[in-house]
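> Read off the chains here:
Number of protein chains: 4
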Amino acid sequence: MKYKEIEIEEVNCECTDLRICRGVLTAVTEGIALHEAKYLSGFGLITAAPIQTCIEGILSESETPDGRRGVIIQFNVPSAVSYEKFHEALLKRLFLIPHLPTCSLFDVSSKKEDSFIDIGESIRKWGDGFEVSENYKGRDIYRIPIMTGDMLVEKTLNFYQGLDGALEIFAQNAVSCVVAAQEATCRIFNEVSGVANFNYPVGGVSGAKVGGINYTKERVTINDPFCPTLKNTIKNSKLPVGANAVIEYPIVGLDENSIKKALKIAIDTFATTPGIIKITSPSFGGQWGTHKIYLPKIIQ
Amino acid sequence: MKYKEIEIEEVNCECTDLRICRGVLTAVTEGIALHEAKYLSGFGLITAAPIQTCIEGILSESETPDGRRGVIIQFNVPSAVSYEKFHEALLKRLFLIPHLPTCSLFDVSSKKEDSFIDIGESIRKWGDGFEVSENYKGRDIYRIPIMTGDMLVEKTLNFYQGLDGALEIFAQNAVSCVVAAQEATCRIFNEVSGVANFNYPVGGVSGAKVGGINYTKERVTINDPFCPTLKNTIKNSKLPVGANAVIEYPIVGLDENSIKKALKIAIDTFATTPGIIKITSPSFGGQWGTHKIYLPKIIQ
Amino acid sequence: MKYKEIEIEEVNCECTDLRICRGVLTAVTEGIALHEAKYLSGFGLITAAPIQTCIEGILSESETPDGRRGVIIQFNVPSAVSYEKFHEALLKRLFLIPHLPTCSLFDVSSKKEDSFIDIGESIRKWGDGFEVSENYKGRDIYRIPIMTGDMLVEKTLNFYQGLDGALEIFAQNAVSCVVAAQEATCRIFNEVSGVANFNYPVGGVSGAKVGGINYTKERVTINDPFCPTLKNTIKNSKLPVGANAVIEYPIVGLDENSIKKALKIAIDTFATTPGIIKITSPSFGGQWGTHKIYLPKIIQ
Amino acid sequence: MKYKEIEIEEVNCECTDLRICRGVLTAVTEGIALHEAKYLSGFGLITAAPIQTCIEGILSESETPDGRRGVIIQFNVPSAVSYEKFHEALLKRLFLIPHLPTCSLFDVSSKKEDSFIDIGESIRKWGDGFEVSENYKGRDIYRIPIMTGDMLVEKTLNFYQGLDGALEIFAQNAVSCVVAAQEATCRIFNEVSGVANFNYPVGGVSGAKVGGINYTKERVTINDPFCPTLKNTIKNSKLPVGANAVIEYPIVGLDENSIKKALKIAIDTFATTPGIIKITSPSFGGQWGTHKIYLPKIIQ
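Chains as they are written, first to last, in this note's numbering: chain A, 1 to 300; chain B, 1 to 300; chain C, 1 to 300; chain D, 1 to 300.
Rather than coming from a laboratory, the hints here were simulated on the basis of the structure. A few of these clues could be false.
[As the list claims (entries may be wrong)] In the DSBU-like style, the derived pairs of lysine-lysine whose C-alpha atoms are separated by at most 35 Å in a straight line are:
| no. | chain 1 | residue 1 | chain 2 | residue 2 |
| --- | --- | --- | --- | --- |
| 1 | D | Lys238 | D | Lys264 |
| 2 | B | Lys261 | B | Lys111 |
| 3 | B | Lys2 | B | Lys85 |
| 4 | B | Lys217 | A | Lys92 |
| 5 | C | Lys209 | A | Lys112 |
| 6 | C | Lys209 | D | Lys292 |
| 7 | B | Lys260 | A | Lys92 |
| 8 | B | Lys155 | A | Lys85 |
All chains should be modelled from the sequences, with the hints used to inform the complete structure.
This is the structure in structure tokens:
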């Protein structure tokens, strides 16, 4: 269907179920919080890393326990990954935190959900006995002395059943791909609560497919129908006329409504950024999750 | 000794021997190359991650095989980590690369050293048989179709015996710590070839000590003599009068001369940034490496 | 009085009355909008320029007429400057706009106030007869062809009687000054509508005094009681013990409540940034405006 | 002629003679120096402002008198503007400087050319008698107390006869325009000494033509042959097939060789950025300067 300047394929966005743990990293300034959140969240795609690390947005100084601005991070894996493996990978990733200058880590919300994950027991060992357990502004935390001052780490983080969603974006060229992805990410970062992006601040990646056609033993390989330099080589190329570049735009979020809201904003960004031609959603045969979001319904 | 506005402790900087592999990540713009280099290089300290990932600087468009600006990354581990474990961790980290939009990965230098590491064989499997082996501008590469176009990955990266060095910086407050560290990093990034920083662009971290005093089973714990909130609690606090914050400033590099050059620049930055009081170097009992650099000699 | 970590002088913030005109500059991305807003808003202090140009914040894509994110700018002068001189200076400053790639300029609000300033008649002449007058999404605009596409310029901008306010911040060192100012600016930019900052994104400046003690013919000179290198030289130095740097933190806004809200946020930022010692407000003998805001009342 | 991925029109780049004054603005960090250089250099095109303000690059800490990194700015006007008017406009622009926190202003080179402009006499009046004349690291300066510490202002800046040059870039869409311009600017900023860009960091603008076809009394109007939304309306449109956006890429520099070097780098950037179609140079009838640079010769 035609939508603004582009074409939208009338397909479902198939959402994978996710295990999500969500924290906010505060620091002496928002700038430092962003640098450190990105340092903590690098290398965060499940194809290569044991855990995914996505950046959701800012909590203002009036919303965090310590009155400093912070960056919300969603640590997540597909639900196909066991809870034990997720917890293990989460603790390993968070073991970096005592290195981050001026930082503290809290849960995003002050109210505990039914499910929460213990992270404090692992991180507090850094304290070598100098760490102190306390209740700080209503939060159960460890106060750990580090070089820049005290680092506060909340003992538990809420644990959610969330989901992901992804778009495939066809464009005239790769510049329009990355610029549109970065602008969509800027909008979601600022306007949508509960949804997070990969590869922040770009937000878009070159996507993969499960398994291999020729290399059948590989876990993941390139998604060849979406590769522009193969469009004249393979029979099942999905590149429309005039498209010379593609980018995958994946998001994660706490619930379907937030994902829909973010997809609407993303689609509107792509639909109005010069050089974008068409949007679709990658198909996984509908096996990976319980939610399907019909793209045309998002923009109605 | 007094140096400009500060005190420098007359001690050795004890350098750990490192295994280093060095690559340059190019992209459609320097801005995208920096974003993706940071995404690839996040979570990169050996205390928490299986490999360290440090950012060295920019290669200009006249210095890269594909004529685009790129970011040089030093993937490294202490030499105490076996070559096999390093190679395994390197390949796992680089497995992310086919996701990075518009990127390519090359060796920094066109001339192969005696030692080099094969990275192409692992990454090329992403290509699912569509990848092509070729000689590109004198480099042996794989051309792998991805969504934004072709990704070029050099088959091997030069492998070096390098070293690290670190300073401990005492300051009036944590703001001076992070600002001075970030400025030292900016200078090294731009002015010194062969030396790379952790936690780019901040460059400073809260450091750790090996083992634990109380938690004797821990691999790493806080470096308590350098923690300001313990200065009135412990007997061996190293905080000088007037210092309320500390930051550790670690660098890695290919050779001792480059490390010395970078330490000189770092010391000069700290010595002239308002709020910095004193510089020393952490002591590891001289066990971890073959190089010692006497701090006073650096500034002569 | 003591407030959190600092001292606040129990004085009035004396607010100057201002003439304010407010527009939003949209562009193909928020990043470009910010670059161009800063380019348009440089050189924007009344001591040196004929008009002040302050950056207020972002309007989201759902709040602008063209569905792109934009930066709100407050063009302003003290009310002591005549309306004619303000209008002349405004038109001269806005004459730059047809150069700004991908940009458009709209009023912030869709509802016209009683007072508005015509800007379209001057800018449209750039169009050389190719410009078109139209009603666009309820706005009266000129559509002017430029190199990157059509630039839309709303014919009038609402005109307000606003006010300014300023704080003087004493700190241990200049690094704390600029970092705290930049963080306060980040918070106001994101959290307060109707208030704008000078010298964005730093937000702080070295302030001036009216006239001169020795150079009596000068319009403006340094504010010597607030200059740290004069603290042992002059009798009326305002520097408290331990302070080695000062920064002036001026803001402008549409009404007193917004200014109060922004001053509260600024004071809280300064009160919790390491290295800040004391806050006061510069005194102008109460002559320049009708509003006085008592600092202690802001933080109650 | 075909060049890499694009078409280059075989025309001259006609260079206007310029009066240039060049200074370096240092600050406590490179980041602050860049913010303040941009604040000083905003609103800097001769069509709208009385002086042009272009950003050239960074001087490292080993190249500036005060050992801090600084940003080089070229203040310039076409030579058609009298020396007196240039000097007057320069002093007015520099009158902002005592407001810039932690900044100092020096000449770029320590060696005085035959021609130099006095700037100190005007700025020093800010000092109200507290300023001090001294020789600092071989430079004749005024030391002016400001709020963040002492501001050093060199008394004179070298004065050059320079020139400008400009390209017109045709692209598939406006996103490729701004991205390519920003990348060209990044390269010139880092790789070419003596050449500076407008509207930093974007570097490209929508250009103007002298006078008007219909509005004959206007000084400047849109350059209609280069406006994409007029391509089907006017007879003399220069837009090639497939081009939907244009950007003008103007640079200024101290001498022809530097301009040629920068144009080469710019052309190479545009020739390899996705979405760029063709490059030409705007024609002014050859009246405005003594230098013509033949585009094909630049890339040989």
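> Are the Cα positions of Lys217 of chain B and Lys92 of chain A separated by 35 Å at most?
OK: Lys217 of chain B and Lys92 of chain A at ~17 Å, within 35 Å.
> Checking one constraint from the list: CA of Lys260 of chain B to CA of Lys92 of chain A, max 35 Å. Satisfied?
Distance of about 33 Å is within 35 Å: holds.
> If you draw a straight line from the CA of Lys209 of chain C to the CA of Lys112 of chain A, is it 35 Å or shorter?
54 Å, violated
> Are the Cα atoms of Lys2 of chain B and Lys85 of chain B separated by 35 Å or less?
43 Å, violated
> Would the hint linking Lys155 of chain B and Lys85 of chain A be met if the CA-CA limit is 35 Å?
33 Å, holds
> Do the alpha carbons of Lys238 of chain D and Lys264 of chain D lie within 35 Å of each other, as the hint requires?
22 Å, holds
> Are the Cα atoms of Lys261 of chain B and Lys111 of chain B separated by 35 Å or less?
24 Å, holds
> Do the alpha carbons of Lys209 of chain C and Lys292 of chain D lie within 35 Å of each other, as the hint requires?
At roughly 49 Å apart (the allowed maximum being 35 Å), Lys292 of chain D and Lys209 of chain C break the hint.
Figure legend: structure checked against the earlier numbered hints; hints not met, in rising order: 3, 5, 6.
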